[in-house]
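Start from the sequences, fold in the hints, and give me the full structure.
Going line by line, the protein sequences match chains F and R.
Going left to right, the first sequence walks through residues 9 to 121 as our numbering numbers them.
Going left to right, the second sequence walks through residues 14 to 129 as our numbering numbers them.
The hints are simulated quantities; they were obtained by calculation from the structure and are not laboratory data.
Mixed in with the good hints, there may be bad ones.
Unchecked claim - Result set (DSBU-like, lysine-lysine): computed pairs, CA atoms no more than 30 Å apart in a straight line:
no.	chain 1	residue 1	chain 2	residue 2
1	R	Lys78	R	Lys30
2	F	Lys65	F	Lys108
3	R	Lys70	R	Lys31
4	R	Lys84	R	Lys30
5	F	Lys64	F	Lys108
6	R	Lys84	R	Lys70
7	R	Lys70	R	Lys30
8	R	Lys78	F	Lys108
9	R	Lys31	R	Lys78
10	F	Lys108	R	Lys82
11	R	Lys31	F	Lys108
12	R	Lys84	R	Lys31
13	R	Lys70	F	Lys78
14	R	Lys84	F	Lys65
15	R	Lys82	R	Lys30
16	F	Lys108	R	Lys84
17	R	Lys31	R	Lys82
18	F	Lys78	F	Lys65
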Amino acid sequence: TQLLEQSPQFLSIQEGENLTVYCNSSSVFSSLQWYRQEPGEGPVLLVTVVTGGEVKKLKRLTFQFGDARKDSSLHITAAQPGDTGLYLCAGLHSGGSNYKLTFGKGTLLTVNP
Amino acid sequence: EAQVTQNPRYLITVTGKKLTVTCSQNMNHEYMSWYRQDPGLGLRQIYYSMNVEVTDKGDVPEGYKVSRKEKRNFPLILESPSPNQTSLYFCASSPRLAGVSTDTQYFGPGTRLTVL
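Laid out in structure tokens, this is it:
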């Protein structure tokens, strides 16, 4: 089983602060996905990064894929209470008949007003 | 509306009483999967299906069965539920486009199962 280590597990910050969540593995992935999950709902895809070194921005969220495609980070600038939720990274192994998505344990973010 | 539906959303049952959680998607997706989510353990894959009549074990398949007789449906069967199967279950589907590694997984709303 390929493992994805996500850190920190819990993060509680004040509105306006910046934060970074990390996702690390010893495995190389075809792509890496970030999801956000709200209480009582299923995860919803935020972004997919595919190329080593790739950086994608989604408003105040910046996602980066490591050069070796083994790790990724999510940076949130000027966090807002609406950013509160569980953030999950997931590494995809895809090729031929192989198709497996492995999830990290998640980072529970609370942004206090 | 494109969606993944699960039923029931909540279920309380007793040890040993067979149950089925249904999952259906209306997006003509090839790939479907079941996960369970537990505090401190994250999302773990139970079974997945690459296409009709093609299923395979995920990371935690013990105590579960699945079937994929038609493309849109992927039921999860617990033949003899036990308390350690108390969990939040998610069904997901994706198109699994050949040669594409950017598939989006669409998750259902979840089924909260309690086994007494």
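Hints, verified against the model:
For the hint linking R:Lys78 to R:Lys30, the alpha-carbon distance of about 14 Å falls within 30 Å, and the restraint holds. Proximity of F:Lys65 to F:Lys108 is assessed by CA-CA distance (about 25 Å); at most 30 Å being required, the pair is judged to hold. Restraint check: the Cα-Cα separation between R:Lys70 and R:Lys31 comes to about 20 Å, which is no more than 30 Å; the hinted pair holds. Pair hint R:Lys84 plus R:Lys30 holds up; C-alpha atoms about 27 Å apart against a cutoff of 30 Å.
The straight-line distance between the Cα atoms of F:Lys64 and F:Lys108 is roughly 23 Å, inside the 30 Å bound, and the hint therefore holds. Under the criterion of a C-alpha separation no larger than 30 Å, the hint pairing R:Lys84 with R:Lys70 is consistent with the structure, at around 18 Å. Taking the CA atoms of R:Lys70 and R:Lys30, the gap is about 23 Å. The hint holds against a cut of 30 Å. Distance hint between R:Lys78 and F:Lys108 is fulfilled; the C-alpha atoms sit about 19 Å from each other, no more than 30 Å.
Under the criterion of a C-alpha separation no larger than 30 Å, the hint pairing R:Lys31 with R:Lys78 is consistent with the structure, at around 11 Å. Taking the CA atoms of F:Lys108 and R:Lys82, the gap is about 21 Å. The hint holds against a cut of 30 Å. Pair hint R:Lys31 plus F:Lys108 holds up; C-alpha atoms about 28 Å apart against a cutoff of 30 Å. About 24 Å separates the Cα atoms of R:Lys84 and R:Lys31, which keeps this hinted pair within 30 Å; it holds.
Taken as a hint, the R:Lys70 and F:Lys78 pair is honoured in the structure, with Cα atoms around 24 Å apart against an allowance of 30 Å. Distance hint between R:Lys84 and F:Lys65 is unfulfilled; the C-alpha atoms sit about 35 Å from each other, more than 30 Å. A C-alpha spacing of about 23 Å is found between R:Lys82 and R:Lys30, which places the hinted pair at or below 30 Å, so the restraint holds. Taken as a hint, the F:Lys108 and R:Lys84 pair is honoured in the structure, with Cα atoms around 19 Å apart against an allowance of 30 Å.
With a CA separation close to 20 Å, the supplied pair R:Lys31 and R:Lys82 stays within the 30 Å bound. Restraint check: the Cα-Cα separation between F:Lys78 and F:Lys65 comes to about 19 Å, which is no more than 30 Å; the hinted pair holds.
Checked against the numbered hints listed earlier, the structure breaks hint 14 alone; every other hint is satisfied.
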